[in-house]
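Chemist: Each chain is listed here by its residues.
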Amino acid sequence: MKIRTKIILPLSIAVLVVTASTGLFLFRESSKNLENNIYSHLEVDVGTREDHIRTYLYEYESVLELLASEDSIANSLKIENDDFLHSEALAAAKKRIETITQIHKDFFQIHVLDKNGKVIASSCKECEGEDCSKMVGFNEAKKGSFTSDIHFDDKNEYTIICVSAPILDGDEVLGVLAAKIKTEELFQFLKTVSTEDATKEIYLINKEHLMISPSLFVKDAILNQKVETENSINCFEAEKHLDASGGAGAYSGVVKHVGHEAVGVFKNYLGVNVLGAHVYIPEMHWCLLAEVSEREAMSRVRNLMFLFILGGFISIILVILIIFLVSKKITDPIDFLRKGTEIIEKGNFDYKVGIKSKDEIGKLSRSFDKMTLAMKESKKDIERKVEEQTKEISEKAKKLEIQRKSVLNVLRDVEKEKLSVEKEKDKIDAILHSIGDAVFVVDNELKITMYNQVAEDISGYTKWEVIGKKYDEILKFVYGKDAKVNDKFIKEAMKTGEIQETKSDTYLIRKNGTNVAVANSAAPLKDKKGSIIGCVIVFRNVAKERQIDQAKTEFVSLASHQLRSPLSSINWYTEMLLAGDAGKVNEEQKEFLEEIYHGNQRMVGLVNALLNVSRLELGTFTIEPEPSDLSEIMESVLNELKNKIEERKIKVIKYYDKELKKINVDPKLTHIVFQNFLSNAVKYNKDKGTLSVKIEKLDKNVMIQISDNGMGIPKEQQKEVFSKLFRADNVKEADTEGTGLGLYIVKSILDNSGCEVWFESQEGKGTTFSITIPLSGMQKKEGLKKLS
Amino acid sequence: MKKTIGVTILVLEDEKPLLQAIKTKLEKSGFDVVTARRANQAISYLNDLEKIDIIWMDHYLLGRENGLDFVTELKGDEKWKKIPIFVVSNTASPDKVQSYIKLGVKKYYTKSDFRLDEIIGDIKKTLEKPEGLIQKSE
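Top line first, the protein sequences correspond to chains A and B. Heads up, the first sequence is in the working numbering, so the first residue is 1 and it goes up one at a time. Heads up, the second sequence is in the working numbering, so the first residue is 789 and it goes up one at a time.
Worth flagging that the hints you see were computed from the coordinates, not collected in a lab. Don't take every hint at face value.
[Stated by the list, open to error] When the alpha-carbon atoms are kept at most 20 Å apart in a straight line, the in silico SDA-like pairs for lysine to any residue are as follows:
#1 A/K780 x B/G892
#2 B/K912 x B/G892
#3 B/K811 x A/L577
[Claimed, not checked] Listed next, with one range per pair, are the computed distances between beta-carbon atoms:
#4 B/K863 x A/Q453: 26 to 36 Å
#5 A/D657 x B/N835: 53 to 63 Å
#6 A/S679 x B/E815: 49 to 59 Å
#7 B/N835 x A/E554: 32 to 42 Å
#8 A/I428 x B/R852: 51 to 61 Å
#9 A/P774 x B/E815: 50 to 60 Å
#10 B/R852 x A/E554: 35 to 45 Å
#11 A/D751 x B/E815: 29 to 39 Å
#12 B/E815 x A/V585: 14 to 24 Å
#13 B/E815 x A/Q762: 49 to 59 Å
#14 A/V585 x B/N835: 40 to 50 Å
#15 A/E733 x B/K863: 41 to 51 Å
#16 A/E733 x B/E815: 38 to 48 Å
#17 A/E554 x B/K863: 24 to 34 Å
[As the list claims (entries may be wrong)] Derived list of chain A stretches under chain B, where covered just means 3 residues or more per stretch with a C-beta under 8 Å from a C-beta of chain B:
#18 561 to 569
#19 572 to 582
As the structure is a computational prediction, the values presented were derived from the model and not from experiment. Note that beta-carbon positions come from the ideal geometry of N, C-alpha and C, so glycine has one too.
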């Protein structure tokens with residue numbers, strides 16, 4: 001919305017509202033005032049005329065009374081006898097009457113009436129001698145002055161009032177002086193003076209509600225027109241009140257404006273709406289009414305209204321015009337300013353708006369001009385800066401170009417490197433592929449980075465299927481009957497930095513779901529600093545090996561059985577022979593048989609030992625630790641050797657540490673171990689020698705020591721003592737029996753179960769074998785068979 | 789002929805010389821001996837003869853069935869399950885031993901480690917005290 005409109009509209013509305021309301025208010029007030037004015041005028045009209053009428057009537061009465069009191073008049077009636085005097089008196093009376101009539105023009109007839117009503121003297125010659133006893137007021141006048149109501153004269157020419165007064169001679173009523181007075185002058189007073197009230201009418205009505213003064217509008221209204229209007233009725237209402245209080249026909253000294261009310265708007269005798277006022281004249285029982293047509297009265301009000309409206313319009317228009325002009329004065333400079341901005345916007349920074357006025361617009365335009373100037377300056381500034389920047393940029397661009405060229409060079413070198421690296425990689429690949437075992441490499445995140453041909457063959461997965469993936473998502477190494485996943489060895493290798501191998505019954509699940517027996521080893525990959533960057537895993541299909549192993553085990557098993565059977569046979573038959581079951585044997589026979597038996601026993605022992613050795617070598621034996629009492633095992637072995645010990649009279653010294661409770665060991669293997677040591681300690685002892693056994697609990701392990709003071713082991717052969725089938729020279733010479741396998745077996749068992757074994761020996765003095773078993777017990781080993 | 793003690797032993801052994809040795813020794817000890825080399829043979833003896841008091845058997849037998857099958861069969865039969873069984877074999881494989889013991893044989897002997905009279909002595913002890921001589925697992 002334009003400013004102009006913004007200014008004009010609200011202001012106009014305001015002006016309109018104000019003007020309208022003020023106008024309305026004023027109008028109402030004025031019209032009320034006007035009305036009141038009219039009413040008061042009417043009241044004044046009736047008020048003043050009332051006075052006049054009273055005055056007139058009073059005057060008439062007093063004139064007549066005065067005249068009645070004159071001698072001349074009285075004489076006219078008194079002197080009857082003397083004609084001369086009579087006629088003189090008459091003439092005097094007549095003269096007086098004439099004078100009066102001449103003075104008071106409205107007294108048009110004056111009669112001197114005797115007590116009978118005969119006209120003695122009169123202003124009209126013709127009337128003399130007439131009988132006017134029937135005249136209005138004749139009788140009443142004898143008592144006192146009497147004024148009649150307005151009526152027509154005998155000839156119906158004029159309207160008159162008859163005023164009569166008694167002619168007295170002392171108290172005697174001689175006659176009546178009667179006057180007929182024209183009402184002309186009276187009526188004159190009723191006429192309104194003002195020209196503006198064309199419809200104002202002031203008239204009298206008598207108690208019969210008949211008009212007794214002329215009507216403005218109706219011809220011959222007098223004593224014709226009945227006026228029974230609100231105005232007239234109300235007027236006579238007042239009469240009722242008055243009659244109650246005062247006497248009629250008595251002019252009291254107190255002039256009262258009685259029954260004085262401006263009635264308001266009502267219909268007059270013509271049915272026209274008028275504003276009226278009345279006054280009651282109780283003496284004559286007259287009502288004086290003043291009425292003016294409402295339309296006439298109100299016309300002034302209406303005129304006023306038109307005036308106001310007109311005035312309002314004019315003022316509004318004027319105001320709008322003024323506002324318009326004023327706003328124009330404001331908006332014009334603003335517009336000018338705007339045009340200026342357009343010019344400047346087009347690029348002409350030198351243009352000045354230049355409004356000179358001191359008001360806000362002027363100030364604005366001056367600030368605007370200042371701003372324009374500043375913009376011009378800053379534009380120059382910016383252009384300069386842009387120039388500088390451009391220079392900088394082009395320089396930088398040149399530098400970049402140089403850099404780009406050098407980067408390109410570097411890239412070329414990198415390319416070369418890449419090629420040579422690829423060549424290297426190809427070499428490695430070739431090597432990998434020609435390795436006879438399956439090889440794959442994982443990185444630190446266990447993702448496969450290399451995978452050779454043999455790995456593909458064994459696993460059934462191609463290189464492309466595995467490279468980049470974590471190995472455990474594709475290659476599943478399992479072991480045991482329940483196919484538990486076993487790939488700890490890879491993680492162990494990477495964690496510990498040492499080569500790890502898998503268990504003996506590890507399988508790899510091929511792509512097609514079948515198992516293949518594999519032997520794995522994982523070796524951590526280290527960089528120059530020694531940190532682990534991956535792992536190389538090598539595995540090979542050991543199905544055949546395992547089969548062979550399997551076959552070996554079974555063979556050994558079977559072989560042992562096959563070997564044992566004939567041995568058993570020899571055993572038992574020899575036993576029976578020796579027992580005499582086939583007949584008595586003589587000494588020599590017994591000797592021979594015992595040799596046979598003895599030799600057989602050796603064979604049995606050898607077969608057992610060989611069996612154990614083969615199981616140890618196959619690694620198929622088990623170690624199943626359970627809480628065992630070492631002293632008990634020791635005791636049972638000692639018991640088995642009881643006979644031999646007694647035979648050779650060997651002294652046994654025992655020490656079993658009471659602190660030691662049960663310890664986790666494989667009882668069977670422990671038995672074998674103790675048996676070997678103890679039987680050696682007995683075998684290689686001297687007669688009556690000592691055998692001491694000590695089981696002692698140490699800090700972290702248990703130590704078992706078995707000592708003898710027998711043959712001992714020659715120093716130079718001590719290192720071979722644990723080797724297979726080894727027997728030292730001194731024992732061979734001493735011709736003791738032995739397989740040479742015992743200690744080998746013992747060492748294998750102890751090595752496999754996490755225990756330690758060593759000895760101290762001196763030839764000829766004795767030997768002490770020591771074992772330590774960790775307090776946590778023997779290590780469990782899973783295998784296929786137990787040693788026996 | 790020596791007077792027997794009235795106990796009949798059924799001997800199951802596949803090797804003839806051994807079978808003979810066992811038989812001789814048992815008879816010498818006063819037992820009545822019945823021999824078989826196959827499991828089904830043994831079964832028919834059990835069915836035909838009224839009373840078999842003890843069974844001496846090897847693990848390996850002729851025919852398809854081996855000692856374990858035989859023992860299982862025996863233990864499954866109301867008439868025979870109470871007969872004490874002594875297994876005398878040359879195999880010492882622990883799982884076989886365990887299996888036999890689990891099945892409820894009286895004792896397991898490795899042939900070559902024991903004398904005949906030792907085994908017979910144990911048998912006689914069993915006759916005196918049938919509840920005794922409970923085999924400990926080795």
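Chemist: Does each hint hold? Answer for all of them.
Modeler: We went through each hint and held it up to the structure:
{"no.": "1", "hint": "A/K780 x B/G892", "verdict": "violated, 28 Å"}
{"no.": "2", "hint": "B/K912 x B/G892", "verdict": "holds, 18 Å"}
{"no.": "3", "hint": "B/K811 x A/L577", "verdict": "holds, 14 Å"}
{"no.": "4", "hint": "B/K863 x A/Q453: 26 to 36 Å", "verdict": "violated, 56 Å"}
{"no.": "5", "hint": "A/D657 x B/N835: 53 to 63 Å", "verdict": "holds, 59 Å"}
{"no.": "6", "hint": "A/S679 x B/E815: 49 to 59 Å", "verdict": "violated, 36 Å"}
{"no.": "7", "hint": "B/N835 x A/E554: 32 to 42 Å", "verdict": "holds, 35 Å"}
{"no.": "8", "hint": "A/I428 x B/R852: 51 to 61 Å", "verdict": "holds, 57 Å"}
{"no.": "9", "hint": "A/P774 x B/E815: 50 to 60 Å", "verdict": "holds, 54 Å"}
{"no.": "10", "hint": "B/R852 x A/E554: 35 to 45 Å", "verdict": "violated, 18 Å"}
{"no.": "11", "hint": "A/D751 x B/E815: 29 to 39 Å", "verdict": "violated, 50 Å"}
{"no.": "12", "hint": "B/E815 x A/V585: 14 to 24 Å", "verdict": "holds, 19 Å"}
{"no.": "13", "hint": "B/E815 x A/Q762: 49 to 59 Å", "verdict": "holds, 56 Å"}
{"no.": "14", "hint": "A/V585 x B/N835: 40 to 50 Å", "verdict": "holds, 42 Å"}
{"no.": "15", "hint": "A/E733 x B/K863: 41 to 51 Å", "verdict": "violated, 55 Å"}
{"no.": "16", "hint": "A/E733 x B/E815: 38 to 48 Å", "verdict": "holds, 47 Å"}
{"no.": "17", "hint": "A/E554 x B/K863: 24 to 34 Å", "verdict": "holds, 28 Å"}
{"no.": "18", "hint": "561 to 569", "verdict": "holds (count 6)"}
{"no.": "19", "hint": "572 to 582", "verdict": "holds (count 6)"}
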